[in-house]
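S.K.: The lines below spell out each chain.
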Amino acid sequence: MVKYIDEYRDPQISNSIAQSIKKIMPDSAINLMEVCGGHTITIFKYGIRKLLPDNLNLISGPGCPVCVTSNDFIDRAIAISHLDDVIITTFGDMIRVPGSDSSLSKEKASGADIRICYSPMDAVDIAENSPDSEIVFLGIGFETTAPLVAASILAAKSKSLNNFSVLSSHKTMPQAMKALLDSGDIALNGFICPGHVSTITGIGMYEFLAKDYKMPCVVSGFEPVDMLETIFMLVKQIAEGRSEVENQYVRSVKPEGNTKAVKLMNEVFEPTDMPWRGLGVITGSGLKIKEKYQDFDAYKKFQVDFPEPKEFPGCICGDIMRGVKVPTQCKLFKKVCTPEDPKGACMVSDEGTCATYLKYASLD
Amino acid sequence: MCLAIPMRIKSIENNKATVEVGGVEYQAYLDLLSDAEIGDYVIVHAGFAIEKLDEEAALESLEIWREIAEFSEKRQGRKRN
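Chains as they are written, first to last, in the numbering used here: chain A, 3 to 366; chain B, 1047 to 1127.
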């Protein structure tokens, strides 16, 4: 028995919670958005939707970092990979994401030195062992990942490495959730808030959504029991006319978050305006490297030119990221766009909405 | 991408721990934690332990649901009889 996992996959408890949801479910339709791509996987993998009342809809949101990365970023990374003596290091998810004309995996096949890392610290190790090369780490991910990348920059600094830098496309979640609500494109009744982002940040950052937007928010874990309990807590809030920030994932998320990690993140990064696929540029939703650490900023280190970014014709990843459309409404889905030959980012990452729909279609 | 898995700390050397889940061992940096000890369960993301798991908090809500599940099972059992 694996502790902290098996008990949260107990079918008896899951069924019991599903029955409790049905008992308190109002007659009107409820639309909940799972913001995090990891939650989309939980919902599909464990067939959660089949356990829920028909008038309860789960909508996938913009919480897959690879999927919301703009083509501009990928095109820039590809342009940097063409420079002499550069090694691009990246999380595996990024490598197959199509940019405007190519992807990192295609460039790798053509001879560019592009390596997959499990951790940003692996990239620091490569920098230490390859003093004649420039190591560029592609910094993608939300508040969960940014502190680790900050730690890797501090590690590179303490080792006096001058051949390590980060191309940061880190993003922060609350601004995107606000932008979704401000757009008025979708009618939501509550947010299933990301568990590991909140493990770092704490739960206070969602307060404005509950207070100003009257939006019930529950921070959730990633196992089926977690997800069902979260949905129960949200439906209960809605049935009782409350809009509060609650925490289902108490075993990992402290109200104040991981203050040491936040301090590290704030030491290295500061807020900046950031483009999101599907959502456009959102004010203050990104993290850029502070002036103090500019020697580690790949934007400053490598000046590259590349053509104006363009999207694959017909791809509706942007609409899917906003929760406005579902993958089955895309003409390319399963026909032209497949996991083997993805045309849009949502088909690439394991937690991309299109990839998840395709992988678990038989369970839904 | 924010995937993170609960693992148990087996040993610690400087700021690095050997962590284990289901018999598989990984290395995890402890830079983001201030009080990790051998035997603790931590959530590991991209090579870093990002938080220590709170056992008491974990059991509390699970117990409540387990009781509800057992109660409704007994009730259904009575109905069937």
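Heads up, some of the hints might be wrong.
To be verified - Subject to a maximum C-alpha distance of 16 Å in a straight line, what follows is the list of computed EDC-like cross-link-like pairs (lysine to aspartate or glutamate): (1) Lys213(A) x Asp187(A); (2) Lys5(A) x Glu1101(B); (3) Lys1062(B) x Asp124(A); (4) Lys5(A) x Glu1116(B); (5) Lys256(A) x Glu1102(B).
Unchecked claim - Not close to chain A: a few residues of chain B, all C-beta gaps over 10 Å, as computed: (6) Lys1056; (7) Asn1060; (8) Thr1064; (9) Ile1084; (10) His1091; (11) Ile1096; (12) Glu1097; (13) Glu1101; (14) Glu1106.
If you're looking for bench data, these hints aren't it; they were derived computationally from the structure. C-beta atoms are modelled at their ideal positions from N, C-alpha and C, and glycine is treated no differently.
S.K.: Each hint: holds or not?
M.R.: Hints and how they fare:
A threshold of 16 Å between alpha carbons decides the hint, and for lysine 213(A) with aspartate 187(A) the separation of about 20 Å lies outside it, so the pair is violated. Taking the CA atoms of lysine 5(A) and glutamate 1101(B), the gap is near 10 Å; set against the 16 Å cutoff, the hint holds. Pair hint lysine 1062(B) plus aspartate 124(A) holds up; C-alpha atoms about 13 Å apart against a cutoff of 16 Å. For the hint pairing lysine 5(A) with glutamate 1116(B), the CA-to-CA distance comes to about 21 Å; that exceeds 16 Å, so the pair is violated.
For the suggested pair lysine 256(A) and glutamate 1102(B), the alpha carbons sit about 13 Å apart, so the restraint of at most 16 Å is met. Once the 10 Å rule is applied to beta carbons, lysine 1056(B) is consistent with being away from chain A; the minimum gap is 14 Å. A cut-off of 10 Å between C-beta atoms confirms that asparagine 1060(B) is not in contact with chain A; the least separation is 12 Å. Threonine 1064(B), annotated as away from the interface, keeps every beta carbon of chain A farther than 10 Å; the closest lies near 15 Å.
With a minimum CB-CB distance of about 15 Å to chain A, isoleucine 1084(B) clears the 10 Å threshold, and the non-interface call stands. Some Cβ of chain A comes within 10 Å of the Cβ of histidine 1091(B); the nearest lies about 6 Å off, and the non-interface call is violated. Not every CB of chain A is more than 10 Å from the CB of isoleucine 1096(B) (nearest about 6 Å), against its label as outside the interface. For glutamate 1097(B), the shortest C-beta to C-beta distance to chain A comes to about 5 Å, within the 10 Å cut-off, and the non-interface label is violated.
With 10 Å as the threshold on Cβ separation, the claim that glutamate 1101(B) sits away from chain A is violated: the shortest Cβ distance comes to roughly 8 Å. Against the 10 Å criterion, glutamate 1106(B) falls within the reach of chain A, whose nearest CB is about 7 Å from its own CB.
The structure does not agree with the numbered hints 1, 4, 10, 11, 12, 13, 14 stated previously, though it agrees with the rest.
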